[in-house]
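Asker: These protein sequence lines map, in sequence, to chains V and E.
Number 826 in my numbering belongs to position 831 of the first sequence; there are no gaps in the numbering.
Number 870 in my numbering belongs to position 875 of the second sequence; there are no gaps in the numbering.
Incorrect hints may have been included.
As the list makes no split between identical chains, a pair holds if one copy fits it or if it spans any two.
The list that follows gives simulated cross-link-like pairs (lysine-lysine, DSBU-like), each with its CA atoms no further than 35 Å apart [to be verified]:
hint, residue 1, residue 2
1, 700, 118
2, 473, 214
3, 798, 209
4, 1, 652
Since the hints were derived computationally from the structure, they do not count as laboratory data.
Only a predicted model underlies this, so the values are computations on that prediction, with no experimental measurement involved.
Number of protein chains: 2
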Amino acid sequence: MPGNTKYVYDFEEGSADMKYVLGGKGANLAEMTRLGLPVPPGFTITTGACNEYYQTGEFPDGLLDEVEAHRIKLEQKMGKKIGDPDDPLLVSVRSGAAFSMPGMMDTVLNLGMNDDAVQGLAKQTGDERFAYDSYRRFIQMFGKVVLRVEGGLFEEAINKLKEKKSVKLDTDLKAGDLKELVKEFKDIVRVHAGREFPTDPHEQLKLAVEAVFKSWGNKRAVDYRRLYKIPDNLGTAVNIQTMVFGNKGNDSATGVAFTRDPATGEKVPYGDYLINAQGEDVVAGIRVTEPLLNLKEKMPKLAEELFANMDTLERHYRDMCDIEFTIEQSKLWMLQTRVGKRTAAAALRIAADMVEEDLVTKDEAVQRIDPDQLDQLLHPQFDPKAKVDVLTKGLNASPGAAVGKVVFDADIAEELGKNGDKVILTRWETTPDDLHGMVAAQGILTSHGGKTSHAAVVARGMGKPCVCGADAIKIDAKNRIFSVDGTQVKEGDIISIDGTTGRVVLGEVQLVPPKPSKEFDLILGWADEIRTLGVRTNADTPEDAEKARQFGAEGIGLARTEHMFLGDRLPIVQQMILAKSEEERQDALAKLLKVQRDDFIGIFKAMDGLPVTIRLLDPPLHEFLPSPIDLRVELTKLEASGTPEHELTERRELLEKVERMAEQNPMLGLRGCRLGITYPEIYKMQVRAIMEAACQLKKDGGDPKVEIMIPLVAHVNELNTLRQESEAVIGEVMSGCGVAVDYSIGTMIEVPRAAVTADEVATVADFFSFGTNDLTQMTFGFSRDDIEAKFLPRYLERKILPKNPFETIDDGVAEVVRMGCEKGRKTKPDIKLGVCGEHGGDPESVKMFHEIGLTYVSCSPYRVPLARLAAAQAVLGEAVVTTA
Amino acid sequence: MPGNTKYVYDFEEGSADMKYVLGGKGANLAEMTRLGLPVPPGFTITTGACNEYYQTGEFPDGLLDEVEAHRIKLEQKMGKKIGDPDDPLLVSVRSGAAFSMPGMMDTVLNLGMNDDAVQGLAKQTGDERFAYDSYRRFIQMFGKVVLRVEGGLFEEAINKLKEKKSVKLDTDLKAGDLKELVKEFKDIVRVHAGREFPTDPHEQLKLAVEAVFKSWGNKRAVDYRRLYKIPDNLGTAVNIQTMVFGNKGNDSATGVAFTRDPATGEKVPYGDYLINAQGEDVVAGIRVTEPLLNLKEKMPKLAEELFANMDTLERHYRDMCDIEFTIEQSKLWMLQTRVGKRTAAAALRIAADMVEEDLVTKDEAVQRIDPDQLDQLLHPQFDPKAKVDVLTKGLNASPGAAVGKVVFDADIAEELGKNGDKVILTRWETTPDDLHGMVAAQGILTSHGGKTSHAAVVARGMGKPCVCGADAIKIDAKNRIFSVDGTQVKEGDIISIDGTTGRVVLGEVQLVPPKPSKEFDLILGWADEIRTLGVRTNADTPEDAEKARQFGAEGIGLARTEHMFLGDRLPIVQQMILAKSEEERQDALAKLLKVQRDDFIGIFKAMDGLPVTIRLLDPPLHEFLPSPIDLRVELTKLEASGTPEHELTERRELLEKVERMAEQNPMLGLRGCRLGITYPEIYKMQVRAIMEAACQLKKDGGDPKVEIMIPLVAHVNELNTLRQESEAVIGEVMSGCGVAVDYSIGTMIEVPRAAVTADEVATVADFFSFGTNDLTQMTFGFSRDDIEAKFLPRYLERKILPKNPFETIDDGVAEVVRMGCEKGRKTKPDIKLGVCGEHGGDPESVKMFHEIGLTYVSCSPYRVPLARLAAAQAVLGEAVVTTA
């Protein structure tokens, strides 16, 4: 119904809450206009128009008429006409979606320029050179963005001209040179776009709007949306705005500003600007910018006005704002604002400060922190004790340290990343086309660009360490090498970068975990007051347990005992498995009993007074043995080399044993409680070790809280049998020691059947812990080891799965968890229900677990703060994440 | 509450419907008594008493008092006293559970015998030899059964005595010899039981009752219950009955009779008897028996009375009865009756005849056939065209033919059977201790015993071929060899047996499927009228499809296309997988298209007019390649033998490819629809082949009904994507051919997630087929290949699982199926819902699927009749299986 739909809004008609209609940029331009700030007038085409365009492949009926009407109104307001040979109106045409997608879509500046308008501009400004420079910039941008002409062709023409004129800088080109360039650019368009350059401003506008619509569907925009989970059907708005020029001489400037420091959160205006430049020059990092505070000296009055406007915006938005401004011949224009991206440290400090300043409530402060971003605070740093030989220093663009192989290409970074290699993506400067490589990299290093350059902004958003503008680095991308003062670094060489200080180091630097700030503790303390979901940790060692406790873990949700079977214990474990006699097996078990008891003493001590869930042995025993393929190859070699028969016999026996234990699908084989039933002595030894440790601590005045967890239960009878066997041992140990220890016995729910029959399983379980890793594997029929390399990437790319189900809990798997909880509670209303898969540390999953009504989640120590925050946000309702 | 519980019933007090209280034998003795048949008086101790004994380990309070009271009543009725030196009462003490467990539990005869009673018996019978023979038999049986003395010791003593007396047969021993034997037997008891032989009849009775109770828990009884799924908590009753003697001279006899022929079902009295013998002699197959009909000549009046009684019983029970009788000095006694076991052929004929005779209704006839037993009718037979060189002939004890390795020992049979070897258990005669070996064997061959011997009865029950009494066979078990007229057959040699004709053949005879009888078609026709569940077949070839159609299949529920990728197609498939260029791959696909199209033409023809569900390729591609371990070993050998480098390169490349495709858990890896999405060209080729075949047939006047099934769907998006891709191909083919063909596209539900989200999946599925094999694997987290060898036996033994979930659908898995059906129907009320796992051919599972409300089950061709019957029985309510 085109007649009923309004496709175009003047800035005066919109407001900040219309971002789904006008896009973020359009809505904020409207809001600034309503606030009375100096915004160059203009209007916005709605996202709805874009969506209709995607459905039909054509502009919706009536759109062009509406645009025409608003253009005329704009001309009237400005007293200028587009294409006017005396005083032409020039406009910018910019994309603007509901969620910021910086640099992902297309922009056209100086639209309206043609052979007439350039005369008018020259007349109006009395600056012919400026007029022709604007004209050639327009043809170049329009040619590249709208007509899809290869951008390098224009650059080449400029370089040739400069050579011919024997000048070095673009600015050295005279008006006459630029006239020549305009002609040449038009020729380039004719040849490479297969059409004349459109001189009719109305056609220019129509083509530019269509180009912006199309850019919503370009590859880098689609990639970006996948990364940030932005739906594809939102569409982009298009903003048509009067051009103002920051490059009209030394009384002009352009810049980017933040109301507070986006790296530290400090309450001080922050940003970069350039005198006599277009906005693109600042953002693209092509020229070295000046710090915003210098503006106070250079243009004191304008600086005062700008800072006042920034203050207005921050108070209005009640959040740190990111602003673009232009000064055109001493007149300040506000070109754009939005809530600014920031580092995790800044996010915490800003939120805490704003509570202090009574700008926001504690609940809002908690809601404003993106849990995923917290992770960057917990990123490792260079070990302060490490001897660091600094190769060079760049800007500390995104905090945290990283170590990896130097890679010069996003595709290679992605390739190596998939293979599990750690890489540092090293570029002159990144562009939106590098996004997939940045995702795959541990850290980003650039030789160019400031703290608001593409690399810096994106890396901060991703929480990845970034050092940028390290200009001592000379990159030779062709030969896959960079050099710093004669030191050469090849692709594949290991380097370390420290995004907190800007240091770049050749070789691997030892990393250490960071210390969180006081705001970190403050805001997480508020989160703890809000949340109802418990947060425990997965920890197998006293060290991990202590660390997690420092991060706020309220106990251990999963202590995996198999990790205690490795290292120097492995030979004992192999002796147990391969024992030829009962004595030999008992001997091995006795040794294991002793070491496991010591393991448990350490863990109970670290978690004294808090519950500790210990999972009995889970993996198949053959995981502790050499691989049959290696043994067979070795044997074949020995046979071929004529080794005497008697020496081969032992090898053959070992091989035979190992092959007998091998399984087609070990994931679904003899493991978990099936081991406990098949080899009862192993679980009995483990239960004994746990209880002897607990009894000893209890005697020493400690307060161990033991939860014994039986893994991989599919049928209530398995748990029942093992519970009885365990309780017999527990009774023996406690009466032997003469003390009673709090204990409970429960199970992991990780086999679908256990969830389906949870009402039965609950009859003999004191608690359930959903092992969502295995539960996802079995509910999907996915072997994680196999699918992540083989077809999951394709599934995500084709959107067959919306997300990696091993990172964020899948709806179907969540349904199985919900069923298990409901059935479990039906039998035993107060049964403890936890989650100990990796999903316990994923914010979106934590929210789901809160909704399902679990008792607690358990995650790795470093994810504990994140889970605390996410659990609080789940209570507060849908988290409004300011950085999105 | 012993005061309120009645533990003992006189035969006059009970009835046939009390079998859970009195056991089958006791209930039927009571029923015969009420019918006025000549039953030796006695009383029954209830199964409840046995169960209390198992709970406490002691006789329940009051039991012995009740026994005492009933004993006194019995003595009064008989006018004899137990242990009376003038006219002693002797009794038998026999077990009798609710379900017949022939030979599984203990029996004691002649109880009451002691040094006084033997005098009385001698006086009363005027036959001292008989009295002492009875005495020594009693000591021998009591010693063995109650006092657990090794039976061989008594046999040895008899043999020594016979040697000493230079006689050959037991019957040649004189009264004096037997007196000596009695003394010696008492000595054996004293030495080996560590106590005096108990002479007090009351103590004898108490000990015998306890021994019967205990025999409920012996290994062979427990094994039997596991095999026939009889609960362990039913307990056994104990029948104490006045002894009558079939060995009191030539006017005495004992026998076993069936009211109709249990092998063929013919309406004629059938059985065996022995003149002057104890009942044990007939059943144990120790002496060669006479056919029952001979009794007409030998004892005409008694035969007439017996046949009249048999007729009474059959009309009363409205079923074929199995009877034990004894003639003591020309007086007929009915010792036992029960509904008789029969072959499947007999079951069908008896049921059909009884409908004809108006004894039972058609519904009852259908209910009376055990679906599992039908299987034996469909067992293969010797190929009539095969040249068969008969080694020897025995009795045709259980129909069907079998081929396997000769094995002389039940343990070895079980061992080899587990490894997948086919074996023929070959014994002099089987005993209940051989049960596990019979379960494992393909067929049973004995050199001794009649058609009612242990081997024959049990084999018929199991539906296994059995040839018994092949007395030309001389077994030398020690040397693991048998010989027939000089031909020696070693353990491990292959033989073939034909239980329908009794033939035994050295070597392998080709087997062919049998032709079912007219009663088979009749009763299955009745079943078809009753059932509401459809029955289809799993068939991959035109031959299987035709066979299944003959057996009544109403279409194909599962045609696996991977079988079409093997044999001479394998090289093409390997070419497709390993193709180094796109051309090479397309070339392979084109070849496969052609052969697959021909495959489908054959199948559609065989099922013309009926629906054919074709599953697209399911297994992982690496299943079609050589094993990486073999390749690696081969390569290691080649390397060690100094093969030139250039010859190794190709091998190395192949190995690398194969290793790259290998998976940790192929069950959960790149297979099913995941292949379809990863390699779209394979599914497109298959869909094209299917539709080209269907279009061609349609053009030729056929009526193909195509159902394309996409396997292993976990997420609706998988099915949606592949449906769209398939429909594009279908549209192309149909418009290319210019005909339209009925088709539908659906999915297998075999991944738990698909069941949990079946409401979503149903939006793009025309049908679901539950693949309960994989669904069981994933719901349990069981890899069938691994667990059946590794821990399932232990799970069944310890009753952690009540049944093998791959044979009978597990409750938890059934719940997942139910959920899938409910959710699927919520979205699409008329969605077709089938099952195509092996459970589709398991009667108990079929009943479950009927209850869940599926549209059809699909099973292997030979299971189709069984599924038809089971589906009808599901409608009729709980099937009363007469053979249990």
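Asker: Each hint needs a verdict: does it hold in this structure or not?
Answerer: Okay, the hints, checked on the actual structure:
Taking the closest pair of Cα atoms, residue 700 and residue 118 never come within 35 Å of each other, the shortest separation being 85 Å inside a single copy and 80 Å across copies. Only within a single protomer do residue 473 and residue 214 lie at most 35 Å apart by alpha-carbon distance; the minimum there is 25 Å, versus 80 Å between protomers. Taking identical chains as interchangeable, the C-alpha atoms of residue 798 and residue 209 lie at most 35 Å apart only when both belong to the same chain, with a minimum of 25 Å there against 61 Å between chains. Within a single copy, residue 1 and residue 652 get their C-alpha atoms no closer than 76 Å, and across copies no closer than 58 Å, so neither meets the 35 Å cut-off.
The structure fails to meet hints 1, 4 from the earlier list, while all remaining hints are met.
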